[in-house]
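K.L.:
All chains should be built: construct the whole structure from the sequences, respecting the hints.
Protein chains in written order, with the working numbering: chain D, 323 to 725; chain V, 362 to 510.
Calculated from the structure, these hints are not laboratory results.
It should be emphasised that the depicted structure is a prediction, and the values quoted were computed from it without experimental measurement.
Some clues are possibly wrong.
Stated by the list, open to error - Non-contacting residues of chain V with respect to chain D, defined by C-beta distances greater than 12 Å in every case (computed):
{"hint": "1", "residue": "Glu391"}
{"hint": "2", "residue": "Glu429"}
{"hint": "3", "residue": "Glu454"}
{"hint": "4", "residue": "Glu471"}
{"hint": "5", "residue": "Phe475"}
{"hint": "6", "residue": "Gln502"}
{"hint": "7", "residue": "Lys504"}
Stated by the list, open to error - Computed list of lysine-lysine pairs in DSSO-like fashion (alpha-carbon distance at most 30 Å, straight line):
{"hint": "8", "chain 1": "D", "residue 1": "Lys492", "chain 2": "D", "residue 2": "Lys517"}
{"hint": "9", "chain 1": "V", "residue 1": "Lys399", "chain 2": "D", "residue 2": "Lys702"}
{"hint": "10", "chain 1": "V", "residue 1": "Lys421", "chain 2": "D", "residue 2": "Lys714"}
{"hint": "11", "chain 1": "V", "residue 1": "Lys399", "chain 2": "V", "residue 2": "Lys470"}
{"hint": "12", "chain 1": "V", "residue 1": "Lys416", "chain 2": "D", "residue 2": "Lys714"}
{"hint": "13", "chain 1": "D", "residue 1": "Lys716", "chain 2": "V", "residue 2": "Lys459"}
{"hint": "14", "chain 1": "D", "residue 1": "Lys454", "chain 2": "D", "residue 2": "Lys482"}
{"hint": "15", "chain 1": "V", "residue 1": "Lys470", "chain 2": "D", "residue 2": "Lys716"}
{"hint": "16", "chain 1": "D", "residue 1": "Lys714", "chain 2": "V", "residue 2": "Lys377"}
{"hint": "17", "chain 1": "D", "residue 1": "Lys714", "chain 2": "V", "residue 2": "Lys399"}
{"hint": "18", "chain 1": "D", "residue 1": "Lys695", "chain 2": "V", "residue 2": "Lys377"}
{"hint": "19", "chain 1": "D", "residue 1": "Lys543", "chain 2": "D", "residue 2": "Lys492"}
{"hint": "20", "chain 1": "D", "residue 1": "Lys702", "chain 2": "V", "residue 2": "Lys392"}
{"hint": "21", "chain 1": "D", "residue 1": "Lys702", "chain 2": "V", "residue 2": "Lys457"}
{"hint": "22", "chain 1": "D", "residue 1": "Lys608", "chain 2": "V", "residue 2": "Lys470"}
{"hint": "23", "chain 1": "V", "residue 1": "Lys433", "chain 2": "D", "residue 2": "Lys409"}
{"hint": "24", "chain 1": "D", "residue 1": "Lys714", "chain 2": "V", "residue 2": "Lys499"}
{"hint": "25", "chain 1": "V", "residue 1": "Lys421", "chain 2": "D", "residue 2": "Lys716"}
{"hint": "26", "chain 1": "D", "residue 1": "Lys716", "chain 2": "V", "residue 2": "Lys399"}
{"hint": "27", "chain 1": "D", "residue 1": "Lys702", "chain 2": "V", "residue 2": "Lys377"}
{"hint": "28", "chain 1": "D", "residue 1": "Lys454", "chain 2": "D", "residue 2": "Lys430"}
{"hint": "29", "chain 1": "V", "residue 1": "Lys392", "chain 2": "D", "residue 2": "Lys714"}
{"hint": "30", "chain 1": "D", "residue 1": "Lys482", "chain 2": "D", "residue 2": "Lys517"}
Stated by the list, open to error - Part of the chain V face toward chain D, derived, beta carbon under 10 Å:
{"hint": "31", "residue": "Ile375"}
{"hint": "32", "residue": "Phe394"}
{"hint": "33", "residue": "Thr395"}
{"hint": "34", "residue": "Gly408"}
{"hint": "35", "residue": "Lys438"}
{"hint": "36", "residue": "Tyr440"}
{"hint": "37", "residue": "Gly478"}
For glycine and all other residues, C-beta sits at the position ideal for the given N, C-alpha and C.
So the chains spell out like this:
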Amino acid sequence: MIYLDSAATAPLLPCVKNAVSEILEKLARAEVGNASSLYSSGVYAKELIETAREKVARFLDASPSEIIFTSGGSESNNTVLKTFENKSVAVSAIEHPSVLRPAEAYAKNLTLLPVDKTGRLDLNFLENFLEKTPAFPNLISVMLANNELGVLEPITEVKKKLQRVLKLRKNPREKCPKFHSDLTQAVGKLPLSVKQLDLDYASFSAHKIGGPLGVGVLYIKSGSPYKPLLLGGEQENSRRAGTYNLPGIVGLGVACDYCFENRTWEIYEKKVKPLRDSLAKSLLEKIPTARLNTDLENSVPNILNLSFPAAEGESIQLYLDLNGVQVSTGSACASGSLEPSHVLMAIHHDPESAHNSIRFSLSLETSPADLEKVIATLPKIVYNLQQISTIKLKEPKKCLTKK
Amino acid sequence: MSNEKIKPFAYTEIVKDHFLNPRNFLMGDEKNFTYDAKGTVGNPVCGDQMNMYLKISSRKNPETNESETYIKDIKWKTYGCASAIASTSALSELAKGKTLEEAEKISAKEICDFLGGLPEHKFHCSVLGHEALKDAIKNHQEKGSPKTP
Numbered sequence: 323m324i325y326l327d328s329a330a331t332a333p334l335l336p337c338v339k340n341a342v343s344e345i346l347e348k349l350a351r352a353e354v355g356n357a358s359s360l361y362s363s364g365v366y367a368k369e370l371i372e373t374a375r376e377k378v379a380r381f382l383d384a385s386p387s388e389i390i391f392t393s394g395g396s397e398s399n400n401t402v403l404k405t406f407e408n409k410s411v412a413v414s415a416i417e418h419p420s421v422l423r424p425a426e427a428y429a430k431n432l433t434l435l436p437v438d439k440t441g442r443l444d445l446n447f448l449e450n451f452l453e454k455t456p457a458f459p460n461l462i463s464v465m466l467a468n469n470e471l472g473v474l475e476p477i478t479e480v481k482k483k484l485q486r487v488l489k490l491r492k493n494p495r496e497k498c499p500k501f502h503s504d505l506t507q508a509v510g511k512l513p514l515s516v517k518q519l520d521l522d523y524a525s526f527s528a529h530k531i532g533g534p535l536g537v538g539v540l541y542i543k544s545g546s547p548y549k550p551l552l553l554g555g556e557q558e559n560s561r562r563a564g565t566y567n568l569p570g571i572v573g574l575g576v577a578c579d580y581c582f583e584n585r586t587w588e589i590y591e592k593k594v595k596p597l598r599d600s601l602a603k604s605l606l607e608k609i610p611t612a613r614l615n616t617d618l619e620n621s622v623p624n625i626l627n628l629s630f631p632a633a634e635g636e637s638i639q640l641y642l643d644l645n646g647v648q649v650s651t652g653s654a655c656a657s658g659s660l661e662p663s664h665v666l667m668a669i670h671h672d673p674e675s676a677h678n679s680i681r682f683s684l685s686l687e688t689s690p691a692d693l694e695k696v697i698a699t700l701p702k703i704v705y706n707l708q709q710i711s712t713i714k715l716k717e718p719k720k721c722l723t724k725k
Numbered sequence: 362m363s364n365e366k367i368k369p370f371a372y373t374e375i376v377k378d379h380f381l382n383p384r385n386f387l388m389g390d391e392k393n394f395t396y397d398a399k400g401t402v403g404n405p406v407c408g409d410q411m412n413m414y415l416k417i418s419s420r421k422n423p424e425t426n427e428s429e430t431y432i433k434d435i436k437w438k439t440y441g442c443a444s445a446i447a448s449t450s451a452l453s454e455l456a457k458g459k460t461l462e463e464a465e466k467i468s469a470k471e472i473c474d475f476l477g478g479l480p481e482h483k484f485h486c487s488v489l490g491h492e493a494l495k496d497a498i499k500n501h502q503e504k505g506s507p508k509t510p
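P.N.:
Below you can see the structure in the form of structure tokens.
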């Protein structure tokens with residue numbers, strides 16, 4: 323099986339598997355207990371959690387007290403938006419639904435910041451919006467890397483524009499908006515520092531970097547406002563109620579440490595990016611009708627998104643699966659919601675490109691042979707689907723045989 | 362069956378078969394098939410579109426000895442997901458050889474049953490081919506009498 327959907331869930335790291343198994347063994351023997359208990363097995367659990375917190379903090383360049391453990395990126399994102407309930411919020415149009423839906427639900431005023439054809443935030447629109455808006459937003463949320471396209475968002479430029487416009491507006495009562503970034507697709511793939519990015523809030527989940535499922539991180543810069551999403555427990559200094567997910571948290575700590583110690587972002591740049599780029603080149607050569615949706619020069623090194631006109635994504639996905647290759651699609655058919663990908667819609671304004679899109683996401687384990695298999699099977703799959711499709715290709719392919 | 366197994370493929374074996382080996386589809390340009398009537402349903406914007414192409418002829422009903430028009434041959438094209446492709450393929454098998462009256466009555470449920478069932482959310486969006494078939498029959502009836510065999 324060739325797994326090319328690491329952006330959905332990365333393969334569990336062997337070191338994480340061992341660490342989690344060890345904790346499960348200890349839990350089975352009641353050597354570790356509930357981290358909120360004061361007897362020795364509880365204290366031991368608490369120690370393990372605090373060690374994990376230090377690892378996560380070191381990885382993000384934060385203080386341990388600024389790290390909250392959650393159930394994943396979605397909970398972290400929801401918590402930030404909940405904190406800004408009844409406030410003015412601006413988010414990019416291509417945020418993950420776990421930012422967009424709570425933003426719609428909680429914000430008093432919500433501005434969707436548009437992106438250009440590559441998915442990069444439209445900085446001119448942003449500047450214009452900031453200059454003209456009657457009241458500055460209280461929160462801006464822009465992801466560092468988009469989950470479908472891999473495109474990198476210009477967070478540093480956004481922050482510079484904010485500072486510039488704030489000075490221009492000369493309103494002493496106006497404060498710089500708090501800034502949140504969903505780092506889920508960027509962690510481990512890029513060198514990261516929440517201090518250098520100057521973030522007030524950041525989210526990510528463990529399973530995208532080879533950690534366990536169901537555990538994630540919310541970074542809250544010391545002194546930033548905070549409203550808990552889950553009430554009813556004193557855990558995390560009353561910032562997040564719920565019994566600690568000990569195996570998950572330990573696994574998350576180990577995964578962060580693995581990235582930090584091995585500088586995985588350098589391996590991604592050196593080893594994975596050339597593979598991803600050559601996959602793009604080969605597929606575009608072999609399938610001339612294909613459309614590149616990922617800006618290869620401004621993206622995380624492991625994501626490639628392509629649209630194949632007249633061939634529907636779920637059909638391509640299932641054909642690939644039956645050929646032993648697993649990928650994901652922005653097609654409405656493959657999603658539970660039956661809506662085409664809002665990300666592809668935001669860049670192309672064309673549902674067909676979204677229905678026809680396929681995302682390949684590589685991991686550190688992806689080999690050239692894996693990609694050879696894709697290059698060998700995909701052109702035929704797309705060709706066959708195009709042949710039975712009701713949609714006529716604008717530039718018909720040359721006949722392979724002439725009568 | 363004693364215990365339910367997790368299927369590696371999201372659809373039934375029959376769906377998988379019709380998806381991988383679609384019957385009666387029209388390869389390439391629609392000019393590759395001489396047809397008497399064409400019908401369409403759906404829209405690429407929604408992610409699913411089906412065209413049905415019918416070759417219509419008349420025959421003598423052996424029981425009543427009366428002349429009847431029937432679908433002598435059928436071809437289709439589909440843009441859509443696996444379930445859309447499989448359900449159109451299934452419909453083409455169900456409709457072939459039927460009189461126009463019989464073919465018009467083929468329902469989404471009948472196609473779904475033929476395929477051994479479809480996931481609930483797929484049933485409503487991808488089983489549309491019978492509408493294209495009705496559209497083709499309507500277009501044919503508006504056009505006039507069928508060709509003689």
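K.L.:
Each hint needs a verdict: does it hold in this structure or not?
P.N.:
Going down the list of hints, with the structure as the test:
1. For V:Glu391, the shortest C-beta to C-beta distance to chain D comes to about 9 Å, within the 12 Å cut-off, and the non-interface label is violated.
2. No Cβ of chain D approaches the Cβ of V:Glu429 within 12 Å, the least distance being about 30 Å, so the stated non-interface status holds.
3. With a least CB separation of 16 Å from chain D, V:Glu454 remains clear of the 12 Å interface cut-off, as annotated.
4. Every CB of chain D lies more than 12 Å from the CB of V:Glu471, the least distance being 22 Å, so the non-interface label holds.
5. The beta carbon of V:Phe475 sits about 19 Å from the closest Cβ of chain D, which is more than 12 Å, so the claim that it is off the interface holds.
6. Residue placement check: V:Gln502 keeps its beta carbon more than 12 Å from all beta carbons of chain D (closest about 23 Å).
7. At roughly 21 Å, the least C-beta separation between V:Lys504 and chain D is larger than 12 Å, which holds for a residue marked as non-interface.
8. Our distance criterion of 30 Å between C-alpha atoms is met by D:Lys492 and D:Lys517, whose separation comes to about 26 Å.
9. As the CA atoms of V:Lys399 and D:Lys702 are separated by approximately 28 Å, the hinted pair is consistent with the 30 Å bound.
10. Annotation: proposed proximity of V:Lys421 to D:Lys714 is violated, straight-line Cα distance about 39 Å (limit 30 Å).
11. For the proposed pair V:Lys399 and V:Lys470, the alpha carbon gap of about 23 Å is at most 30 Å, so the pair holds.
12. Taking the CA atoms of V:Lys416 and D:Lys714, the gap is near 22 Å; set against the 30 Å cutoff, the hint holds.
13. A hinted pair counts as satisfied when its Cα atoms are at most 30 Å apart, and D:Lys716 with V:Lys459 does not qualify at roughly 36 Å.
14. Among the hinted pairs, D:Lys454 with D:Lys482 is consistent with the structure: their alpha-carbon atoms are about 17 Å apart, no more than 30 Å.
15. The straight-line distance between the Cα atoms of V:Lys470 and D:Lys716 is roughly 36 Å, outside the 30 Å bound, and the hint therefore fails.
16. Restraint check for D:Lys714 and V:Lys377: the C-alpha separation of about 25 Å stays at or below 30 Å, so the hint holds.
17. Note on D:Lys714 and V:Lys399: the hinted pairing holds, with a Cα-Cα distance of about 16 Å set against a maximum of 30 Å.
18. Straight-line distance between C-alpha atoms of D:Lys695 and V:Lys377 comes to about 22 Å, which keeps the hinted pair within the 30 Å bound.
19. Using a Cα cut-off of 30 Å, the hinted pair D:Lys543 and D:Lys492 holds, with the two alpha carbons roughly 26 Å apart.
20. The suggested pairing of D:Lys702 with V:Lys392 holds, with an alpha-carbon distance near 22 Å, which does not exceed 30 Å.
21. With a C-alpha separation of about 29 Å, the suggested pairing of D:Lys702 with V:Lys457 holds against the 30 Å cut-off.
22. Under the criterion of a C-alpha separation no larger than 30 Å, the hint pairing D:Lys608 with V:Lys470 is inconsistent with the structure, at around 40 Å.
23. Taking the CA atoms of V:Lys433 and D:Lys409, the gap is about 66 Å. The hint is violated against a cut of 30 Å.
24. At most 30 Å may separate the alpha-carbon atoms for a hinted pair to count; D:Lys714 and V:Lys499 meet this at roughly 24 Å.
25. Restraint check for V:Lys421 and D:Lys716: not satisfied, since their Cα atoms lie roughly 45 Å apart, outside the 30 Å limit.
26. Distance check on the hinted pair: D:Lys716 and V:Lys399 sit about 22 Å apart at the alpha-carbon level, within 30 Å; holds.
27. Taking the CA atoms of D:Lys702 and V:Lys377, the gap is near 18 Å; set against the 30 Å cutoff, the hint holds.
28. A threshold of 30 Å between alpha carbons decides the hint, and for D:Lys454 with D:Lys430 the separation of about 18 Å falls inside it, so the pair holds.
29. For the suggested pair V:Lys392 and D:Lys714, the alpha carbons sit about 12 Å apart, so the restraint of at most 30 Å is met.
30. Under the criterion of a C-alpha separation no larger than 30 Å, the hint pairing D:Lys482 with D:Lys517 is consistent with the structure, at around 15 Å.
31. Look at V:Ile375: its Cβ only gets to about 15 Å from chain D, farther than 10 Å, so that hint breaks.
32. The beta carbon of V:Phe394 is not positioned within 10 Å of any beta carbon in chain D (closest approach about 12 Å), and the interface hint is therefore violated.
33. With a least beta-carbon distance of about 17 Å to chain D, the hint placing V:Thr395 at the interface is violated under the 10 Å criterion.
34. For the restraint placing V:Gly408 at the interface with chain D, the shortest Cβ-Cβ distance is roughly 4 Å, inside the 10 Å limit, so the hint holds.
35. Against a cut-off of 10 Å between C-beta atoms, the interface hint on V:Lys438 holds, since the closest Cβ of chain D lies about 5 Å away.
36. Contact between V:Tyr440 and chain D, as hinted, is supported at the beta carbon level, the nearest pair being about 4 Å apart and thus within 10 Å.
37. Interface hint status for V:Gly478: violated, as the beta-carbon distance to the closest one in chain D is roughly 17 Å, over 10 Å.
Checked against the numbered hints above, the structure violates hints 1, 10, 13, 15, 22, 23, 25, 31, 32, 33, 37; every other hint is satisfied.
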